[in-house]
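Asker: Residue-level listing of the chains:
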Amino acid sequence: MQASPNKQEHPSKKELELIYTIVNFGLGSKIIKFAKHNGILGATVFLGKGTIKNRILEFFDLTDIRKEIVIMISEKLIAYDVLEKLNKEFHFNKPNHGIAFSIPVLKLLGARSFSCDETNSSINDINESRGAENRMYNAIFTIVDKGKAESVIETATKAGSTGGTIINARGSGIHETQKLFSMEIEPEKEIVLILAKKEITDAIVSSIRKELQIDEPGNGIIFIQAVNKAYGLY
Amino acid sequence: MNVLTEKLKEVILAVLPITVLVLILNFTITPLESHMLVRFLIGAVLIILGLSIFLFGVDIGVTPVGTLMGSSIAKTNKMWIVILSGLMLGFFISIAEPDLHILAGQVDSVTSGLISKTSIVIVVSVGIAVMVSLGLVRIVYNFPLYKFLTIAYLVIFVLGIFTSSHFLAISFDASGATTGAMTVPFILALALGVSSLKKDSKASEKDSFGLVGIASAGAIISVMAMSIISKSDKITGTLEYNIYESTSIIAPFIHNIPTIAGEVLLALLPLLITFLIFQKISFKLKKKPFRKILKGLLYTFIGLILFLLGVNSGFMEVGTVVGYELASLENKSIVVIVGFILGLVTVLAEPAVYVLTHQIEDVTSGYVKRSVVMVALSIGIGFSVALSVLRILIPKIQLWHYLLPGYIISIIMTYFVPKLFVGIAFDSGGVASGPMTATFILAFAQGAAESIEGANVLVDGFGIISMVALTPLITLQILGLIFKAKSGKGGLEIDAGKSEQTGTS
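Going down the list, the protein sequences come from chains H and C.
First residue of the first sequence: 8, per our numbering; consecutive thereafter.
First residue of the second sequence: 25, per our numbering; consecutive thereafter.
These aren't lab readings, by the way, just hints derived from the structure by calculation.
A portion of the hints provided could be inaccurate.
Listed below are the simulated DSS-like cross-link pairs for lysine-lysine, each with C-alpha atoms no more than 30 Å apart in a straight line [stated by the list, open to error]:
#, chain 1, residue 1, chain 2, residue 2
1, H, Lys56, H, Lys21
2, C, Lys308, H, Lys37
3, C, Lys33, H, Lys40
4, H, Lys155, C, Lys393
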């Protein structure tokens, strides 16, 4: 399936970045709060496990530590600014204080403040205009409310994807700002990661978008990142 | 060393409130003898150490064993294996539970041997085994928890009509007594293991909880059934208290070591044995993870001994004395208020509470935060202690005056509350009535009963654990309702630009 070539160029398109921070359990919500103060609109957190390098602890087998991975999308300039401020506030430059990094995002759907006009643009064009090396795959991330991930994968499979990975998460967008004893409630989400060939990315994205009504506010977001190499996909 | 300090900090924060409370009482209303105070402080240190080690052990030992077992049982995809392993696990875990043996011993003596200790231990274990097995089947078949609980408590209600009031207290106490520090983490993990295989993520999440609550119901049903069948409706005998009188500071600790070590070993054995059997036939873990789990079980062993040593030798006596002194004051409202605060802070140091709250965080990816659950639990236990003390002060209040409406309300609530919280609430009932509450709060109430005329230490002493197991059902379900009300999305109708501005409101 070949995606239809697009007529328009988007020279003025905002460049987007995805910020990742990996911190000790419990800090995630603080990072979100801080980032939201500095212009980030929404964030998603999922849990992980880190390991510790320490002889004594290794002897006792106490090397697991719970981590939170926070992801946030923003325009490049804002993202860099927030990253720097996060670095200052949470001391990422010191050891054992967590890490932060960012990866460029090709396209974002479902957030009104970005990219609403590009409903027709195909992902491939964006890629070409950036002059990246010849990629074959894209990583499609879909973040939806808990319980909807199954239907995301189903829809994607119908559109040609061969599978998907569900990650349990929590997060809050601009529509979810309820509080409980001064603590922000971050409802449960699911992140679906689908790796797909460049040619079918558009088909998958548009069918997820239609099925889950991503363009309606509060129904989740989709973003796409470039993948240079991928193995294990058939 | 980050991990160690983090855990230690967490535990110190949990044990500190109760320590401070007792110290304040010591310098204000109820001065304690100095040797008792020193013992209390040693106890607090032991509890902090023990709890930290125990929790590490649960993290790398008990919980992995439970989840592995749960998922490998469910993976077999054969109903008879699920039923059989539920029966076996439930039976062996509860028959080894030290608290059950203590309760059975008490029942034996108050019925003057009509219901023998052995028979009650076996019957309750069978009851729990059946319920654990049914609980697992429920998860596999997607039978809703609230309906299951409604049926279970209807049975309890019907049996309760035929049970004498004394036995009512004993049987509801059994629900708390049988879910001890070692079994709760294991049963929690077991349910998690079975339900995590579900494809439907929402069902998988909510079914991770509730098995402890179901097991507790099994204990209640079996004790009630026993009392009805054996037709013993009166409490005739007396309880013997073996309080080790000594002004020595170290002696009580040393004196208690062998019994506690024996009990903990007994509670750990079924876990260890089933783990080894499963390892041979099903897990086939590599050497490193296998050793890690064994180390974890060793940590739980050491940690629990230290913890129980601290509670039994350092805290229990102080609890009795504080209760006694406060209740003999002119102003009776003080003992109720202190009881409330005591309940608030005691539950924080309960080992299984940590395990439950951590599992909640893991399962919900941090959506339901530990601190909130702790607050709800605390408030619940606070009320339960205050209400129990009130019952001791006012003989007219019967235990069923609390239990009946309490359980009716909690069962009705299960129909409205988000299903995740139903499971959490009914689990926390069993979780809250662990070793800390069972000894310290019980000692406090018994102390209060001793000093009040007309109150019977024996009769009023029973029933406190059942209150502790009841109130969290209500407070946590209320929390669930709050979450439900607050988790909706705001500003969907307004256009995006506007909702950003109103977002903070």
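Asker: With reference to the structure, classify each hint as holding or not holding.
Answerer: Verification of the hints:
1. H:Lys56 x H:Lys21: 34 Å, violated
2. C:Lys308 x H:Lys37: Judged against 30 Å, a Cα distance of about 41 Å means the pair is violated.
3. C:Lys33 x H:Lys40: With Cα atoms ~24 Å apart, Lys33 of chain C and Lys40 of chain H stay inside 30 Å; holds.
4. H:Lys155 x C:Lys393: 22 Å, holds
The earlier numbered hints that this structure contradicts are 1, 2.
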